[in-house]
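Trainee: Required output: the full structure, derived from the provided sequences and hints.
Number of protein chains: 4
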Amino acid sequence: MAEVEIGIGKSGRRAYGFDDIAIVPSRRTRDPEDVDITWEIDAFKFDIPLMASAMDGVVSPATAIEIGRLGGVGVLNLEGLWTRYEDPEPYLREIASLDPDKATARMQQIYSEEIKPELITERIKEIKSAGVVTCASVTPQRTKSFMKAILAAELDMLVIQGTVVSAEHVSKTSEPLNLKSFIRELEIPVIVGGCASYQAALHLMRTGAVGVLVGVGPGNACTTRGVLGIGVPQATAIADAAGARMRHLDETGVYVHVIADGGLSKGGDVAKAIACGADAVMMGSPLASAYEAPGHGYHWGMATFHPTLPRGTRVKTEQRGTLKEILLGPAHENDGRLNLFGALRTSMATCGYETLKEFQKAEVMVAPALQTEGKALQQSQKVGMGH
Amino acid sequence: MAEVEIGIGKSGRRAYGFDDIAIVPSRRTRDPEDVDITWEIDAFKFDIPLMASAMDGVVSPATAIEIGRLGGVGVLNLEGLWTRYEDPEPYLREIASLDPDKATARMQQIYSEEIKPELITERIKEIKSAGVVTCASVTPQRTKSFMKAILAAELDMLVIQGTVVSAEHVSKTSEPLNLKSFIRELEIPVIVGGCASYQAALHLMRTGAVGVLVGVGPGNACTTRGVLGIGVPQATAIADAAGARMRHLDETGVYVHVIADGGLSKGGDVAKAIACGADAVMMGSPLASAYEAPGHGYHWGMATFHPTLPRGTRVKTEQRGTLKEILLGPAHENDGRLNLFGALRTSMATCGYETLKEFQKAEVMVAPALQTEGKALQQSQKVGMGH
Amino acid sequence: MAEVEIGIGKSGRRAYGFDDIAIVPSRRTRDPEDVDITWEIDAFKFDIPLMASAMDGVVSPATAIEIGRLGGVGVLNLEGLWTRYEDPEPYLREIASLDPDKATARMQQIYSEEIKPELITERIKEIKSAGVVTCASVTPQRTKSFMKAILAAELDMLVIQGTVVSAEHVSKTSEPLNLKSFIRELEIPVIVGGCASYQAALHLMRTGAVGVLVGVGPGNACTTRGVLGIGVPQATAIADAAGARMRHLDETGVYVHVIADGGLSKGGDVAKAIACGADAVMMGSPLASAYEAPGHGYHWGMATFHPTLPRGTRVKTEQRGTLKEILLGPAHENDGRLNLFGALRTSMATCGYETLKEFQKAEVMVAPALQTEGKALQQSQKVGMGH
Amino acid sequence: MAEVEIGIGKSGRRAYGFDDIAIVPSRRTRDPEDVDITWEIDAFKFDIPLMASAMDGVVSPATAIEIGRLGGVGVLNLEGLWTRYEDPEPYLREIASLDPDKATARMQQIYSEEIKPELITERIKEIKSAGVVTCASVTPQRTKSFMKAILAAELDMLVIQGTVVSAEHVSKTSEPLNLKSFIRELEIPVIVGGCASYQAALHLMRTGAVGVLVGVGPGNACTTRGVLGIGVPQATAIADAAGARMRHLDETGVYVHVIADGGLSKGGDVAKAIACGADAVMMGSPLASAYEAPGHGYHWGMATFHPTLPRGTRVKTEQRGTLKEILLGPAHENDGRLNLFGALRTSMATCGYETLKEFQKAEVMVAPALQTEGKALQQSQKVGMGH
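Protein chains in written order, with numbering that gives the first Met the number 0: chain R, 0 to 386; chain A, 0 to 386; chain Y, 0 to 386; chain W, 0 to 386.
Don't read these hints as lab results, they were simulated from the structure. Just so you know, even glycine gets a beta-carbon here, dropped at the ideal spot from N, CA and C. Honestly, I wouldn't trust all of these hints.
[What the hints assert, rightly or not] Reference listing, derived: stretches of chain W covered by chain Y, where coverage requires no fewer than 3 residues with Cβ under 8 Å from a Cβ of chain Y:
{"no.": "1", "stretch": "6-13"}
{"no.": "2", "stretch": "65-71"}
{"no.": "3", "stretch": "154-168"}
{"no.": "4", "stretch": "306-312"}
{"no.": "5", "stretch": "326-332"}
Mentor: Encoded structure:
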């Protein structure tokens, strides 16, 4: 771990984001049809290595089902609108129509409605009845109080999630969730995060989780870095977590999945996440642009309506295609935002790799994207503006 | 101290600013309520580690009192409008209404009015009568001539300040202020600056000052770097000064505070300043956006009206909230410009640190902000423009 | 090969593009008239080291002839419009008039027309009848099926080309083209690519090709980097391939040409490509701006109309001058986009080099262009806007 | 000389421009009045270390006289309009009024008029009669043929100048100027350039020149880097030339001046040039913004009207103040473009240095300016736009 000196009293490592790196083709190529992009975690097998983020503008019971049918898995936020309101649709429509000046304040009101345990059970069952794998998320603070309702619905996979979740939360006033004992005792497999360093990932892996979410601050709707000064660019965060996975595997024989959460917007980002060591990706913003997305062209993170320190933003999204077109194609645009997993497959084929596990070993280069990529996109936009 | 070769005849260290770095969460998290952000310097204790910059658009006697009540300390500029005019309000309004083309010239006129010692005493007493800690600034050139008026008002803390202040000023024509003897003999604790290197900070510490201001060129209203070519990015300047603090402590047993002066605009910047080694921050521009700020939506540095070589600019500021909202929240925006010290508290909690002194050891990474952070802000602006 | 650590589990080399480097004058200068920029490959000798890209908006039989007369060689795409339609002109005009929203979809339709072997033969003969060297490109997938038509026309040089072409393509469902045996048995000299690494270039050189195309993702009309995450900046890709050329020469005694394909827009880029080790350049986009270009102000890559994952964009191009003015001058503009090979000659003369082979040894520096170059261009644009 | 690997076949040094570095204050400060910025070269002493560039939009006989009176020296271009036309004023006005589309072509015509030796003598005498030091420039190609006219006017200092001038020009068709014998035999002191590397500077110093011009491609009106790919950022070029000066001094005992030519736009750039090792600066573009400048708000380099490969651009310049205000102040703006040498004096004083020679040893840091400096300027512009 080479450090650079920031000043006489401080050093730090250099970190890299997806836009800082590029994948290098190897000396072999392969037919896309021969590439295997399936993902297995715990008892579940998915056609594509995708978890849809637990954002109210992205995952509803309906889109969770659709995403499941398309081969991935949607994560329903159990502390979002779907468990606060019997019918959240009017609120989703209102949020999409709010004046930017008043959006945060009004969202704070809308999200002040209490969460109803019976709705938790009901929403999960709704997804389960469609025959797809069910997955839902809670914050560590509320995990215990909602577990009864969650277990009643026979959820398949639980996500325990926050901006930053650690294996060692310290509190003077309350007894925090002991992830290590909680996860080990729970029958449902748990994915936990976010984290963004080797040590943090390693300690989360030691809780018995089947996967860790890697990503602090990279999300499209996230302003954590500006507000708190905290954030690790994703390429480095993923590679560090992959290093932790290796050590944990060596120590325990257990393979814990690294799921790249946030900061992915194009097919190339999905490929880079895997090439940096991720087993799968969690995405929100790219799916919010689907016609079926519950956000009606908007999405926002769960920190957007924090009562005193909002750290996210309601983002307007262009509606680009169906969920199917976004995930599996065909693409009618060339900007990399459609057919994300067809792109992953082609990227692997172009570089000669057959499985996700092999692709984690792909050669990458540090190659800032600004100039190279910028030209084509700029020109492309000129065309659009010229007409 | 690794140097890079600029050319065959010249080498230099690489320096980093706040936007070049990010804080990395540790493997521990903590409740924000358990975090201690109080700051003690000399006999004074503050709820928040904040000094408000001695700018006429930011600190008036009234806002000094309000900032004191909110837990920080406002520094009144004793060479500004408040000591030149009995009633500076008409001039503040005029400055806020000046045409950009004529602003500098007219400000040069307005600031040519003489400073009145009796107003110095009066202004300090006005603040003192409210029961808050009083703090005021002078330049080294005028320190001696104003001391009688300052002492008459029983000032609590004195700031001796300039773009660059050194412990060894050389003059062929006059006897410069000998900081070392002056400060040691003075009863009032002195904070002195600006400086921006290990050696300069160390020598200022040796004058007997209780704190040094670190920052040359980073301010929002400052053009020193363009005009003079001088400037050290803040992350490096702070870390270097923190290194000097350690050496001075080792040599003398005396802990001299490092106060990051300038270049801070968001909560994340405050957190980064501490993480780089600062004990407290001095801010002007973020407070100029308060409804109560005397500048009526404008602020400017004291070098703005230099008669022959102005090195600052009158900056128009969006009025964002009350001083209370800016310092302590609640925030109704997500861009990190409100609830600056709530953000510091949350940043420390998210990274698992309990005190400012501990947080100085936080891990940081070199991670240019442009891409990662830019996306969310850009998108956020699009929303604003879409309506 | 110095690597930087991206994260604990991943390292990579730092890569550089043309905009990251600059050529350094030596201590000698030379008359431009004394500089030799001719290029010899196999039995062919060209006045300028130029291959025109196999893009339908750039190379038609007519422009191939014109480019040949001007000293370079145009590569006709045998899988483009010219071999699908007896008269492609109406389709070229339609493409130039398409609404951006519908361009990709309509181009997919237009390019779904079958390729006609008799047109392959006819087009090549048309060029040959003008007395210039004939060169045409096919993809590896279709090479075998079109060879009869190609050989019937007595083509001079064959280009086997794709986004990435490797010497070892793996397929479970079909028998892929064995480049090594195919090229060795063919009577026509073959140029093959693209590739972008030492290993990939070396293995392509071992197939018996006379030249390799270097460039994955740099092109002006290419979005491979965003869509697939794949791409190597050109300065590094060329230098790596030049390293492979040296090793292959050492192993076999055979000199295989390195042709920089894509990412060149100005005369300075051509000079940098040679200075990084290229023997010649392949360009499309700069030639698309010729009045004679078949694209009528537009050009696009062959991946633009991929049925499920388009990875190129139709780019609108300003029409700047005749092919002669673009290649050989005179220039009436100062932005480096006219008289590209006059610029190469002057660049070599200014640095004191006499031949392309010598110029490959020119000193270069890593010197990001943004600031230095930006100023003049910005100012220049201001002039344009001011009137 | 640490090199970075660009690719397997190519390495190069990292180069830095003025915007990449910043000067660090030392632990001493000084009164500006005590600072000495005079410059002595050969038998001449100047109040300020300034040569005004030989550009027709900058130096006329009248401005050469005014610049001389202000303490610097103006260099008249002996191959410009002043020696081609008895009265160049109508042509200067026409150039200032040309439509951008037609500017280059018309300038090519205007500059096709022959140079008249009698005008060379006359112009120099006109300047000489005002009692200031006379200095004028010629290209190496034409030096010999104009010498008689130059000597007739008793010129004080001769500049032999081109984009790149080397001590070893090679030509197959003509006998090039042998700088080494020519300069040694000439009675007038000669300054020669441009150059941009240690070797090139060293060899030019060995010709017997009293100074070398350092700068290839950095100028504000120069597009050499885009057109030819050639250019060395100024901080590195100056430091390299300063290294050559040291070696030449060691070898011969003769101190040859390093004059930073081009790329300077603000006071801070002048300070940085000296801090990197320059003895003086040559500037054009900042002086073109004077009310007295002959270009009427425009300036252009001598390569702008090259008949086949123009490599400069006619730049529109805001008219900012008198020559006196630009060079010596007072400044009424804060952007660093007025009072350039007052800024140099203040910069030296702020860093505690007394002479230019001492200031060459100032500490510098690598600190890209974009973020830090950008904020203030952006905000400043907002103010301007808000009214």
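Trainee: For every hint, state whether the structure bears it out.
Mentor: Here's how the hints hold up against the structure:
1. 6-13: holds (count 7)
2. 65-71: violated (count 0)
3. 154-168: holds (count 7)
4. 306-312: holds (count 7)
5. 326-332: n = 0 at 8 Å, threshold three: violated.
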